[in-house]
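Chemist: Using the sequences and the hints given, assemble the complete structure.
Numbering (our numbering), first residue to last: 52 to 152.
Hints in this document: simulated from the structure, not taken from any laboratory. Every residue, glycine too, gets a C-beta built ideally from N, C-alpha and C. Careful: at least some of the hints might be erroneous.
[Said to hold, decoys possible] Quick list of simulated restraints, FRET-style, between CB atoms:
#, residue 1, residue 2, range
1, Phe-128, Arg-104, 24 to 32 Å
2, Ile-133, Ala-80, 37 to 45 Å
3, Asn-105, Arg-132, 21 to 29 Å
4, Gly-142, Pro-108, 33 to 41 Å
5, Asp-91, Ile-144, 44 to 52 Å
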Amino acid sequence: MAKKGDIERNRNVKKLVAKYAGRRARLKAILRDGERSNEDKFQARLKLAQLPRNSSPTRVRNRCELSGRARGYYRKFRLSRIWLREMALRGHIPGMVKSSW
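Modeler: Have a look at this one:
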């Protein structure tokens with residue numbers, strides 16, 4: 052089980068990412084636009100740098116929904132490898148069975 056502080060910090064980062072997503076997208080569109088002047092791009096870069104650091108989507112850590120574990124994470128199920136196996140063995144994941152040969 053991950054520390055509660057790590058889980059809460061990640062939750063707060065997700066909120067900041069959602070809050071600033073529109074503003075960040077507009078500024079990045081200005082930077083990618085070939086028609087804009089260098090001065091406009093420079094101003095957009097400055098405004099982007101003034102946004103909170105944790106509003107960047109790359110700061111979000113993928114964590115297991117049940118345990119908060121950050122390693123061995125399966126995106127499709129949003130679970131760690133340990134909980135994925137446990138849920139599959141209990142039959143809570145449709146279509147997933149233990150492999151044997």
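Chemist: When the structure is checked against the list of hints, which entries are broken? Sort them ascending.
Modeler: none
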